[in-house]
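S.K.: Chain by chain, the residues:
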Amino acid sequence: MNLAEGVQLVSFIILTVMMLGAALAVVLTPNIVYSAFLLGAVFSAMAGLYLLLNASFVAAAQILVYVGAINVLILFAIMLVNKREDFAPVKYAWTRKIVTAGVCGGLFLLLGTTIITTPWGINNTAAAGDEAIYILGEHFFTDFLLPFELVSVLLLMALIGAIVLARRDIIPDLIDVATGEDLKLPERPRELIPAGSVDADEVT
Amino acid sequence: MQLQYFLLAAAALFCIGVYGLVTSRNAVRVLMSIELMLNGVNLNLMAFSNYLDPAVIRGQVFTVFVISIAAAEAAVGLAILLSIYRNRNTVDMEQFNLLKW
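From first to last, the protein sequence lines are chains X and L. Mind the numbering: the first sequence is residues 1 to 204 in our numbering, read in order. Mind the numbering: the second sequence is residues 1001 to 1101 in our numbering, read in order.
Please note: incorrect hints may appear among the correct ones.
Derived, one-sided and incomplete: chain L residues facing chain X with beta-carbon distance under 7 Å [stated by the list, open to error]:
hint : residue
1    : GLN1004
2    : LEU1007
3    : THR1063
4    : ALA1071
5    : ALA1074
6    : ALA1075
Hints in this document: simulated from the structure, not taken from any laboratory. Note that this is a predicted model, so its numbers are computed, not measured. Backbone N, C-alpha and C fix where the C-beta goes; we use that ideal spot for every residue, glycine too.
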């Protein structure tokens, strides 16, 4: 093993430990704000792994989109719905956790044996490296042109859909512009649907 | 450095995501677990792209597509979460039974 391979291996180990540890913490910490910030650590470690895989453009996209957009979006969502509530205990919650842990461990073992026993046809041609961005652009505008355009339409649809879903109904007539006293926007009332087991009682 | 290491890390990340998806009570954490699973899949695609298809890198193209789909999914999911929070006044997954019965 020469120096370059050793450096690669050590950075892979550091990044993987950071990624898996932060991912476990995201799932297991009780505080949701901590898990949102740890999710940023997971995404950053993923970007480092992409750099190890000779993909600098995708690593930059990962940082920009995941850490810069999705993580900030999740933080905003936490800020908007931040209600400190103690969830009512559910019967047999520990059974659910144990069963899920067993299923996930079994899935990991299955995937692991498949990964280790399969003879992968490793291709030893030189990686594209920094040329990757040119090849990516060529793919986007030749053989992946239709999915590329569809993704742009889908992003527009998601943008409009998110606005429509999260919008509040403001009653514009009731705002008194002249006095400007009341800065609260009058909101069209929505009936609260009772949460919990009330619905089940009504049905039965 | 081998392909198997990356694939094992991706499988572990995916399994952690599945565990969080099933067990967490907070709806925001469920969305985070979905992001973890998508990241595991992305790592898989990138590893295959680098080791099995290094000259044509179709895997990186698919990863870029998955990243943009994940952005759209996060936006719509959080908007749904916000509107359901306004209606039910909670983020507990156990109490979202509108479509259950």
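S.K.: Failing hints, ascending?
M.R.: none
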